[in-house]
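> Here's the letter readout for the chains.
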Amino acid sequence: MTTTQEPLVVVREQGTRHIPGQPDMWVFVFFESLVFTAYFCVYLYSRTQHERAFLHGQSQLLAWLGVLDTVVLLTSSWTMARCVQHARAGRYAPARRDAFLTAGLGFVFLVLKIVEWVRLIHLGHTFTSSEFFQYYFFLTAIHCVHLLIGFVVLGVLVWKLSASQEIVETCATYWHTVDFFWVLIFALLYVVR
Amino acid sequence: MMRPAILDDPKRELWLAWYATVGFYSLYTVVFFIITRTQPPGKPWYDPSQVVGWFAGRHDGLLIGFALIFVLGGLSATSLALITYSIRRMSVSRAFAYSYLILYAVAAVPGFLFICTAMTVGAMRPERSPALLQWLYDLAFLSFSGTMGVFLIGSLIWMTAILLDKNHVFPKWFGYLNLCNALTEVVVAPSWIFHEGALAWNGAIAWWINVVVFGLYTGAFIYLLRSMILREDFGTGPLPGLDSKVWRTIVPVEATV
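Chains F and R are the protein sequences, given in the same order. Each step along the first sequence adds one to the number in my numbering, with nothing skipped, and position 137 is 137. Each step along the second sequence adds one to the number in my numbering, with nothing skipped, and position 45 is 45.
Bound-form chain R, shown alone:
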């Protein structure tokens, strides 16, 4: 019987992490947008009776969806690990990689796990007073949207590492895209203040524009992590180029007229 080629591929662990990353983000999208219907977010101005109705209408979806997250959400660690690996592969200090890893690991608690926990509690305890359910509803969406700022420094760390890197692990444009992503995370902060309008947690600016930018950013880094694995030579110097028009090699500085 022939031995599968993947078992002898020195990049097999990296591919495993990459496919797990794709799996995590696919799961995340399906759970939040389809199964639990917690995205787009509920209305911030709902009164307690409307919140009770909101939980009742999503009861089964909340339990099934967040059960999946509690079982499989740990796959997000592979995404973090791969990004940390990419920063370690750069010519910059390891401090960038460790800072990014710690910051995102901590930020995932308010930015990702709080909403899962609060929504599950709301779905599992429908007999509680409507005021308590409204409190859980607010906690869930405010922690999910309002704490985006804690990811901001992580994006800036990754950006700085890419711009300083001489190993060409990522193109510089992705460094700048990190800045775009960080700047849209700033604008979510007013969702703590507003109950309606463009800056509320479901608003055109705080949610819709932000989620489009985050979606493009996530798609870009998943694609670029794949490119990095393809180009990985397990050395310490610059990564070899890739036959792709998307990839721009760094142009040496030239004297201009």
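Bound conformation, chain F alone:
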């Protein structure tokens, strides 16, 4: 992610410090993180009430598919970070290529998620079949809605690539946030026992 490539606080030539992108986008990150934290608290509370049923539901998921989802999305964060670095250096052609790579990896994630949903539905696990799958489909679907918005955000990034570094970083912040939410969802749904 960008934060692993560059320090969160970037020091500019003039010596002024700033956070990546529009500070306004960080309001979104903070607020949406609070909303997702609330969703996770509700999930974890329900899990404590029906632990055995949730464990059974989790056992129906393919852990390797969840890992693959995570690797794909984290790779998309890496390509996004490269895009930001290229744009900062004024290398717009490779930055554009990395933006398209990011979108491609996002699309692969989406396809993997649909494949997983279809598999589960064929096994009889639907939105209404059990409490675990109610949360599973809710959390993965609301994350996918964020991802779909991410494609629009990537479109804005490509459009404004050479015009505004601030917008490039703002779009990257959004994409990394969506990835961050997925890592938490993956941990809660696939890993926590």
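These are calculated hints, taken from the structure and not from any lab test. Hints may contain errors.
To be verified - To give an idea of the chain F side of the interface with chain R (calculated C-beta under 7 angstroms), a few residues:
no., residue
1, GLN22
2, ASP24
3, VAL27
4, PHE28
5, PHE31
6, GLU32
7, ALA38
8, VAL42
What the hints assert, rightly or not - Coverage of chain F stretches by chain R, computed from C-beta distances (three or more under 8 angstroms per stretch; other residues unrestricted):
no., region
9, 127-141
10, 144-150
By construction, the Cβ of each residue, glycine as well, lies at the ideal position given by its N, Cα and C atoms.
With chain F fixed as given, assemble chain R onto it according to the hints.
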């Protein structure tokens, strides 16, 4: 006798609309949460006899509260008008303002008026069969909670206008807050399916989290509409700044290392 200063204030109509907006949302909160006690919503799993008891327990409150809404609910138009005015003040196409106005005016019917009508019918006709009262109960809460999605596009229109605007009518963070609000309106949709749990119409996700987000969002836009009126210069260019730490002027793009 001295003439009151407000009468000569060119912003008097805007202030009138703003105070009417504050009045409407205050009325809305008092009526739904205190007088009628229709919020938090009733239990979605109630059987017909329990629904009859629910209506009986709130009979007077439903009649008084929704009578107030039928008389004064039109004040909501001032809120819509002020928001439409704010979008007209932006540097974006007027199509944004008109789309927002039409969409919210239409969405208020299922999202706001249906519950008032259905609950009043239930309170006024207690002798009807319990099955019919249960039908009204379901109609009221499902239309109120389940149709939040119709407001979604309105939030996205406002968000897009704010993000494209060059007149600095609203800070960009409020544009993004519109997106947060729109995304929580999406999660109310499953209340059509579930009778209990976090996604039912009274559930932790579909109601409690949603209402907290909506409350913060509403508070933010009422405050920002006030800021807009204070800064209004009746021109067409960027609005002048406000001496407030909350307000962030747009930082020009700078080259980074």
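> It remains to establish, for every hint, whether it holds in the given structure.
To see whether the hints hold, each was checked on the structure:
1. Hint status for GLN22 of chain F: holds, given a least beta-carbon distance of 6 angstroms to chain R, under 7 angstroms.
2. The interface hint given for ASP24 of chain F is met, as the beta carbon of that residue sits about 4 angstroms from the closest beta carbon of chain R, less than 7 angstroms.
3. Among the interface hints, the one on VAL27 of chain F holds; its C-beta lies about 4 angstroms from the nearest C-beta in chain R, closer than the 7 angstroms criterion.
4. Hint on PHE28 of chain F holds. Least Cβ distance to chain R is approximately 4 angstroms, under the 7 angstroms limit.
5. Checking PHE31 of chain F against chain R: minimum C-beta separation of about 5 angstroms stays under 7 angstroms; hint holds.
6. Because the closest C-beta pair between GLU32 of chain F and chain R is about 6 angstroms apart, less than 7 angstroms, the hint holds.
7. At its closest, the beta carbon of ALA38 of chain F sits 5 angstroms from a beta carbon of chain R; the interface hint therefore holds under the 7 angstroms criterion.
8. Contact between VAL42 of chain F and chain R, as hinted, is supported at the beta carbon level, the nearest pair being about 5 angstroms apart and thus within 7 angstroms.
9. Three residues within the 8 angstroms Cβ limit are the bar, and the region 127-141 of chain F against chain R gives 6, so the coverage statement holds.
10. Counting residues of the region 144-150 of chain F whose CB lies closer than 8 angstroms to any CB of chain R gives 3, which reaches the minimum of 3, so the coverage claim holds.
Checked against the numbered hints given earlier, the structure satisfies every one of them.
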